[in-house]
Structures are given as structure tokens and as C-alpha cells.
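Here is what each chain is made of, one letter per residue.
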Amino acid sequence: MIGGAIVSFFSVVGDLFKPKSFAGLFSAAPSVALASLWLAFEKHGGTYASIEGLSMVVGAIALYLYSHTVSWVLLRYNFAASIVAACTLGLWFMAAFGLWASFLK
Amino acid sequence: MKISVSFSGLAQTTALEFLLRFGLGGLVTAVAGVIGIRFGPVIGGLFLAFPSIFPAAATLVEKHEAKKKEQTGRKGKKRGRTAAGADAAGAALGSFGLLVFGFVVWELSTSYDRGIVLCTASLAWFSVALFCWLIRKQL
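Chains A and B are the protein sequences, given in the same order. Mapping the first sequence onto this note's numbering, position 32 (from 1) lands on 36, and the numbers just tick up by one. Mapping the second sequence onto this note's numbering, position 88 (from 1) lands on 96, and the numbers just tick up by one.
These are calculated hints, taken from the structure and not from any lab test. Incorrect hints may appear among the rest.
Claimed, not checked - In silico PhoX-like links for lysine-lysine, alpha-carbon gap of 25 Å or less: (1) A:K22 / B:K83; (2) A:K22 / B:K145; (3) B:K10 / B:K86; (4) B:K145 / A:K47; (5) B:K75 / A:K109; (6) B:K75 / A:K22; (7) A:K22 / B:K77.
Since the structure is predicted, the reported quantities are computational estimates derived from the model, not experimental observations.
Just chain A, with the same shape it has in the complex (with noise of 0.2 Å):
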């Protein structure tokens, strides 16, 4: 329920402004992150959502690769957002986890 609600209201806020880059912003928000570090904080405590934090750092820089592609790809090519941004996400699993086996593992 949580999740839910902070996720709709990032999605709100992101229809609300103009223009449509600065409404991608919250595309990124910390709308899943606040939810599940707020459940982590209150049943495993600080050190366990402070390893979530780092590992959400390298998950970041995989959100980055994945939508500067998506967003390279759409604005070059005649292809529909929903199969860009659905065949992408293969993108993010090498990035992210590639650099958690150079970094974290």
C-alpha cells in the first residue's frame, strides 16, 4: 500500500510539470526506495538499510545507462516507448549486476 501511494504520487507530480525533461526527473524518484528502506529501517535496522543505500548507488548508475539508451533510442529511431524501454531492461540487469560482481560481491 505504501509502495503504491508513494509511487502514484511521484507519477502525479511528474504529470504536472512541463517541460517533459523535467518532468522525467521523478521517473527516477526515490518513490520504491522510500518505501522499502522505511520497512528495512523498522525490521533490520540502520546498518542493513545503510548496505541497501550502497548497493542502491550501483543500481543508480545502471538507471542511468538504462535511460540515457532508452532516451537515445527513441529520439533517433521510429520504434514505440513501450518496446524501447521494455527491451532495454536486459540493460540494466548486465549493468547493475556487472558492477556489483567488480564492486560488491
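Fit chain B to the given chain A structure using the hints.
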């Protein structure tokens, strides 16, 4: 281009689309929690920056912008895709903010209360994301 607030985007969003976002958001939060429990906080933390609702959000942006253009009697497909591309470019800049959010959580979580940590991290996210957007706009 200046930042402005427009309620027309909200008016275009249907109740089903709101429900879809709410449901997906809840589902992804639950899945991230389960991954954390099953595989530990290192793997679980990665998924806090997973673009979970991004494909759905990009599809909605494309659909809404195309519809807006088509209402003026012109083809809207290209406009929709350009808008979704611009939205994704914004998300790329926002991910710098998300990186700093994670860094703040990493640094402060063992010393401060969760309310302070998450408020500070959220403020840092927005400040860095806005700063990156303003810099990009100047280039």
C-alpha cells in the same frame, strides 16, 4: 524552456491508469522486499533503483502526447515518441539524484533516525536532480 505546471496531463490520465500505477508500485515494493529477504540487502538494494514502472510510464507519456497532437488534426506518433524520449532523458538526469540518495542513506543510516535519513536523502535527490537538469539546459 521554463518549468511550468499544467493540469491537462492529469486530466488525460484515466482512473485505470492511476490504478495501474498504484498496483505496479505496490507490487514492485513488495518484490524488492522479498528479493532483499531472499538474497540479502546487497542484491535487494540494487532493485531500489530498478526502472520498475518506467516502461508503463513511458508508454503513457507517448500515448497522451500523441493523443494531444491528434486532437489538432495532425499525426501524433512522432510527437509521442519524442515526448517519451525527453521523459527518459529527464530520468537519466534524475538518476544522478538517485545515486546521491543512495549515498546519503549509506552514510547516515547507522547514525541517525530513519525519518532524518530519508528526508535528507530525498532533499539531496531533488537538489541534485534539479541541478543536473539546469546544467543540461544551459549546454
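How the hints compare with the structure:
{"no.": "1", "hint": "A:K22 / B:K83", "result": "holds (21 Å)"}
{"no.": "2", "hint": "A:K22 / B:K145", "result": "holds (13 Å)"}
{"no.": "3", "hint": "B:K10 / B:K86", "result": "holds (23 Å)"}
{"no.": "4", "hint": "B:K145 / A:K47", "result": "violated (42 Å)"}
{"no.": "5", "hint": "B:K75 / A:K109", "result": "violated (47 Å)"}
{"no.": "6", "hint": "B:K75 / A:K22", "result": "holds (17 Å)"}
{"no.": "7", "hint": "A:K22 / B:K77", "result": "holds (16 Å)"}
The structure shown violates the earlier hints numbered 4 and 5.
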